[in-house]
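Peer 1: Work out the full structure: start from the sequences and follow the hints.
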Amino acid sequence: QQQVKQSPQSLIVQKGGIPIINCAYENTAFDYFPWYQQFPGKGPALLIAIRPDVSEKKEGRFTISFNKSAKQFSLHIMDSQPGDSATYFCAASPSGTYYNQGGKLIFGQGTELSVKP
Amino acid sequence: DTAVSQTPKYLVTQMGNDKSIKCEQNLGHDTMYWYKQDSKKFLKIMFSYNNKELIINETVPNRFSPKSPDKAHLNLHINSLELGDSAVYFCASSQVYGGGYTGELFFGEGSRLTVL
Numbered sequence: 130q131q132q133v134k135q136s137p138q139s140l141i142v143q144k145g146g147i148p149i150i151n152c153a154y155e156n157t158a159f160d161y162f163p164w165y166q167q168f169p170g171k172g173p174a175l176l177i178a179i180r181p182d183v184s185e186k187k188e189g190r191f192t193i194s195f196n197k198s199a200k201q202f203s204l205h206i207m208d209s210q211p212g213d214s215a216t217y218f219c220a221a222s223p224s225g226t227y228y229n230q231g232g233k234l235i236f237g238q239g240t241e242l243s244v245k246p
Numbered sequence: 023d024t025a026v027s028q029t030p031k032y033l034v035t036q037m038g039n040d041k042s043i044k045c046e047q048n049l050g051h052d053t054m055y056w057y058k059q060d061s062k063k064f065l066k067i068m069f070s071y072n073n074k075e076l077i078i079n080e081t082v083p084n085r086f087s088p089k090s091p092d093k094a095h096l097n098l099h100i101n102s103l104e105l106g107d108s109a110v111y112f113c114a115s116s117q118v119y120g121g122g123y124t125g126e127l128f129f130g131e132g133s134r135l136t137v138l
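Chains as they are written, first to last, in this note's numbering: chain A, 130 to 246; chain B, 23 to 138.
Each hint should be verified, as a subset may be incorrect.
[Unchecked claim] If the Cβ cut is set under 8 Å, some of the chain B residues that face chain A in the computed set are: (1) Y32; (2) D60; (3) K63; (4) I67; (5) S70; (6) I78; (7) F86; (8) P91; (9) D92; (10) L127; (11) F129; (12) G130.
[What the hints assert, rightly or not] DSS-like mimics (lysine-lysine), calculated; alpha carbons at most 27 Å apart, straight line: (13) K89/B with K197/A; (14) K144/A with K63/B; (15) K31/B with K171/A; (16) K200/A with K31/B; (17) K233/A with K62/B; (18) K89/B with K245/A; (19) K63/B with K233/A; (20) K233/A with K89/B; (21) K134/A with K44/B; (22) K63/B with K134/A; (23) K89/B with K200/A.
Read the hints as simulated data drawn from the structure, not as lab findings. On a predicted model such as this, the values are computed, not experimentally measured, just so you know. Just so you know, even glycine gets a beta-carbon here, dropped at the ideal spot from N, CA and C.
Peer 2: What follows is the structure, encoded as structure tokens:
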């Protein structure tokens with residue numbers, strides 16, 4: 130119930146393509162869904178996040194689509210660039226304050242994205 | 023000016039040894055974390071501290087002992103190192119807002135531990 134399942138494990142697209150990474154969860158107590166981007170040798174950094182009261186959020190070339198009934202969410206990268214090559218992690222956090230483990234991020238397994246020039 | 027800094031970046035040591043990783047954040051956040059990233063890049067929370075108080079302890083072996091001398095520092099001491107402890111350990115911090123909800127996590131660059 131505490132898991133977040135992410136697919137695919139790896140993805141190769143051409144420059145300008147639209148890679149899509151999917152995540153699914155079981156725990157209905159999750160109410161915060163961020164995506165983190167990690168470059169080799171660096172720590173993960175927040176890319177974009179969504180709460181379940183909206184079905185889509187867009188920031189620049191990055192869009193999260195959220196399907197609450199299916200308990201799934203996905204990341205779309207428009208007009209992908211070689212500089213987007215990185216590992217992407219979806220995550221989910223249970224609702225509540227830090228007293229009952231709010232802020233505890235459960236990460237997906239990661240997707241290694243390679244954007245070819 | 024690094025927001026979350028960890029030292030050392032690399033540790034290579036023998037089984038059975040004890041080692042420590044230090045973490046400092048200059049963001050003024052009141053919550054700090056340790057995450058472990060294994061060889062398959064899976065990230066898992068180990069501990070979180072809020073204002074020096076342990077909040078989350080994710081069934082980590084008691085060979086791992088975090089210590090937070092103040093809200094800007096969170097160290098991780100590991101006793102009797104085992105082969106399976108080899109991983110990248112990330113420190114992170116976040117701010118707790120009104121109502122106790124936490125914001126974005128800011129990660130350090132990681133400390134790669136190799137146990138031989």
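Peer 1: Please verify whether K63/B and K233/A have alpha carbons no more than 27 Å apart.
Peer 2: Holds, at about 18 Å.
Peer 1: Minimum Cβ distance from I67/B to chain A below 8 Å?
Peer 2: 6 Å, holds
Peer 1: Would the pair K63/B and K134/A pass a check requiring their Cα atoms to be no farther apart than 27 Å?
Peer 2: 14 Å, holds
Peer 1: Please verify whether K89/B and K245/A have alpha carbons no more than 27 Å apart.
Peer 2: Given pair K89/B, K245/A is violated - Cα atoms ~44 Å apart, limit 27 Å.
Peer 1: Taking 8 Å as the limit, does the beta-carbon of D60/B come near enough to a beta-carbon in chain A?
Peer 2: This hint is violated: D60/B lies away from chain A, its Cβ roughly 10 Å from the closest one there, beyond 8 Å.
Peer 1: Can you verify the interface hint for L127/B: is its Cβ closer than 8 Å to any Cβ in chain A?
Peer 2: This hint holds: L127/B lies near chain A, its Cβ roughly 6 Å from the closest one there, short of 8 Å.
Peer 1: Keeping to a limit of 27 Å between CA atoms, is the pair of K233/A and K89/B held or broken?
Peer 2: 19 Å, holds
Peer 1: Interface hint check: F86/B, Cβ to nearest Cβ on chain A, cutoff 8 Å. Holds or violated?
Peer 2: 17 Å, violated
Peer 1: Hey, does the G130/B contact hint survive, CB to chain A under 8 Å?
Peer 2: 5 Å, holds
Peer 1: Checking one constraint from the list: CA of K134/A to CA of K44/B, max 27 Å. Satisfied?
Peer 2: Violated, at about 31 Å.
Peer 1: Grab the minimum C-beta distance from K63/B to chain A and call the hint holds if it beats 8 Å, violated otherwise.
Peer 2: OK, holds: K63/B within 8 Å of chain A, min 5 Å.
Peer 1: Hint check: K31/B vs K171/A, CA-CA at most 27 Å. Holds or violated?
Peer 2: It holds: about 11 Å lies between the C-alpha atoms, which stays within 27 Å.
Going through the hint list in order, the structure does not satisfy hints 1, 2, 7, 8, 9, 13, 16, 18, 21 and 23.
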